[in-house]
Amino acid sequence: MQVRSSVNASKFRRSIRLGLRSLWLHRLRSLLTVLGIVFGVCSVIAMLAIGEGASHKAQELIKKLGSQNIILRSIKPPEEQKVSNNQNNYVLDYGLKYEDIARIQGTIPGVTTIVPARVMREYVWNITRRVDAEVVGTVPWYPTMRNHRVSRGRFFTETDQNHAENVCVLGERLSRDLFPIEEPLGQTVRVGEQYYRVVGVMEPFVTPDADASASGAGSSQPAVDRMFIPLETAKRRYGEILFKRRSGSFEQERVALHEVTVKVDRTERVVPVSLAIKDLMERNHKKKDYDIVVPLEQLKQAEETKKIFNIVLGSIAAISLVVGGIGIMNIMLATVTERTREIGIRRALGAKRGDIVTQFLIEAVILSGAGGALGVLLGVAIPFVVTATAGMKTIITLWSPLAAFTISALVGVVFGLYPAFRAAKMDPVEALRHE
Amino acid sequence: MTPIVQLDDVRRTYQMGGELVHALRGLTLSIQPGEYVAIMGPSGCGKSTLLNLLGCLDRPSSGRYLLGGDDISALNDDDLSSIRGRRLGFIFQSYNLIQQLNVLENIEVPLFYQGRPEEEAREIATRLATRVGLEKRLDHRPFELSGGQQQRVAIARALASDPILLLADEATGNLDSSSGREILGLFDELNAAGKTLVMVTHDPATGERAKRLVRLRDGVLESDLRK
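Just so you know, the protein sequences line up as chains R and U, in that order. All the letters of the first sequence, read from the start, carry residue numbers 0 to 434 under numbering that gives the first Met the number 0. All the letters of the second sequence, read from the start, carry residue numbers 0 to 226 under numbering that gives the first Met the number 0.
Check each hint, because a few of them may be wrong.
Claimed, not checked - Some but not every residue of chain R turned toward chain U, in silico, with C-beta under 10 Å:
1. S9
2. R13
3. S14
4. W23
5. N165
6. P271
7. R340
8. E341
9. G343
10. R346
11. K351
12. R352
13. G353
14. P427
15. V428
16. L431
Honestly, the hints are just simulated from the structure, not real lab data. Where is the CB? At the ideal position from N, CA and C, for every residue including glycine.
Bound-form chain U, shown alone:
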């Protein structure tokens, strides 16, 4: 089976104030379809960089990244944008909803950029909002929702284009423990339904929920545990 993610000796260096920062120093990692991976490690270990690379928001300085079997290292900005919209779903720590749009419209954003017809987008958004339990708040704006509800909108939005990979960056970091549990429950459900999930977290308890735990240190793989 083609792995969802295949990283081969990926390096990423930044120029920071005249100094070269080696955020990733040759990482090789493979993620199969249906996996639920937690990436952990101390700050500065390169997990954010890794997540940006996985999310096609950034490109490796060297090495190869295959997403669903396609090499993305050589793609231009427009193609990367298109891949982000069609194949990836982002869930952020601070939800990152667009404030002037309501729940439905927020969920529709990725579909809008794919040029999907309005009625189809509306139908998908309604279905997903129902799935995350927000069917009664379709026309609410983000500031009218609790943190947990906002994160659920973000999850519905990440699912809108039926991506092959969901990327969560400290998705429960801003939530109280009960909302956090709800979100993690939702992740379990999604994974059970076959979605491939990668999440970055600080919290060991959250990391425990995943089926595979990848630890990074100083830009290299420290450990890779499967349960």
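The following block holds chain R by itself, in its conformation from the complex:
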């Protein structure tokens, strides 16, 4: 048995060598035959890598928002805007209220933490250096909730909050703009008439990207950087009514909270809790002056989109492999006819039908396998070129080249079977007479 299997292995090895030689004899023809598979495999791997890169980035951004979080935001109701255009000193009263927080926390089970935030667009000054920024009044546990951490110094504490201290934490970009040379920690910045001591600097947010933000990551990438102050401080320094500079006039708004992040204890409960919050909000707000964003739903949506993308790609791959396989079948049929006499000779010299099948099958598999390998090489190279030239993130998953190569080799088997059996079924006498 041992001897026999080693003999078979040697026979197989020699068959492969023979197949390679026959194909090499018709180099151009072989190359043209496999091009279909090469392009099919290469485009699928490349597209998968680009798609994977894009969706990975979108998912990262959504994850940054927190998959257990539900984010509520105040938005200006559209009909109010018209009114405010006519009456300049009308005070707009809309958005999330402190009562909303209390209601959510009090009535909906599964809510663990709530992070309220007030957002004010202001100029932040360092002596004469001025930077446009969002001043965010929030609570000490904001960083852990939003997955946005402090890189230097500290975030403000409960004590700062309770005493309404004038302390602030700067966004990374903001701190660079305000303090290009000096160490920001311990320095003082001015907003309006108030001075704030810098106690910490946030780590940079994931680089904002136009297409990623379009995919629904929302306010995670503000156009301007943020400065964080204790919510209590914000309440005392700004009061309830905010003034907004607008072209030619002032606009007054009464907005208690701009943003509320609700954390749910378990991922499975995020959707029911979000529905409950929606319900609750609808009952208490006559106008739709708020917006609810559920990162988990966006994540699911992104995954759904990716699934569709993969199905489309899979179909393209299947079609191109079938087309490539038909090309191989075509050329193998021509080869079989062309080599009818050789088949007759081999049969006369002792080749069994199985030997003939093996010979032509090996040639078909070498063709498709080489096409697959070439396609994989190109398909792996293209994402690098795309990343280098277009700056797009690409991810090559390990399984995609492996699967592409295996499937294309299988295509050789499937589409090589018919020509190989046709070759084997020839009558040796007829085949020997063939010119």
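For chain R, the structure is supplied; the task is to place chain U on it using the hints.
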């Protein structure tokens, strides 16, 4: 002694365009070991059919064929292939070498299908190539050889598996007279060394070289002369 070939009332009919063609109509023939037989006859007399039957490329429609004492009429395709490879050696009119293989590799083909180890096959092929006088052209491809040389490669290939019967089909038909003489000389040598040879030929002079002359006409034996 068991005859190499024993044909008993062998018939072979073909269906050709709705018409039955009787290529062999009851042939009985026996060939002993060491014989050198020439089969002659006008075209259409059934000599090619006979050679195909002897070569196990075809099966009789009725009758019995014993090759080396074994009935091959009942064998399946795989067994027939195996017998062709192990017991028979073919020499064709148009040499029938495989163009993409060199001299040595062509000689090795029957051994390859028997699954003989590569080194052993290489050794046998080298020895046989030397025997037919091609030791200097081992790595030449068929198109680089003359007709006579190609036919010698074919003879070496036919000898590779040390067959009990050599079958030659117009082996000198495509050759000029001097190459033809060389090949026939080689046949004489092989027969002298004990090989059993059957050749089909048109040429009376070639037929004369054999020790036994079998004539066919219309699918039956016309004459059977031993010298």
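Comparing the hints with the structure gives:
| no. | hint | result |
| --- | --- | --- |
| 1 | S9 | 6 Å, holds |
| 2 | R13 | 6 Å, holds |
| 3 | S14 | 9 Å, holds |
| 4 | W23 | 9 Å, holds |
| 5 | N165 | 89 Å, violated |
| 6 | P271 | 69 Å, violated |
| 7 | R340 | 7 Å, holds |
| 8 | E341 | 6 Å, holds |
| 9 | G343 | 8 Å, holds |
| 10 | R346 | 7 Å, holds |
| 11 | K351 | 4 Å, holds |
| 12 | R352 | 6 Å, holds |
| 13 | G353 | 8 Å, holds |
| 14 | P427 | 5 Å, holds |
| 15 | V428 | 5 Å, holds |
| 16 | L431 | 7 Å, holds |
Violated hints for the displayed structure, listed by number in ascending order: 5 and 6.
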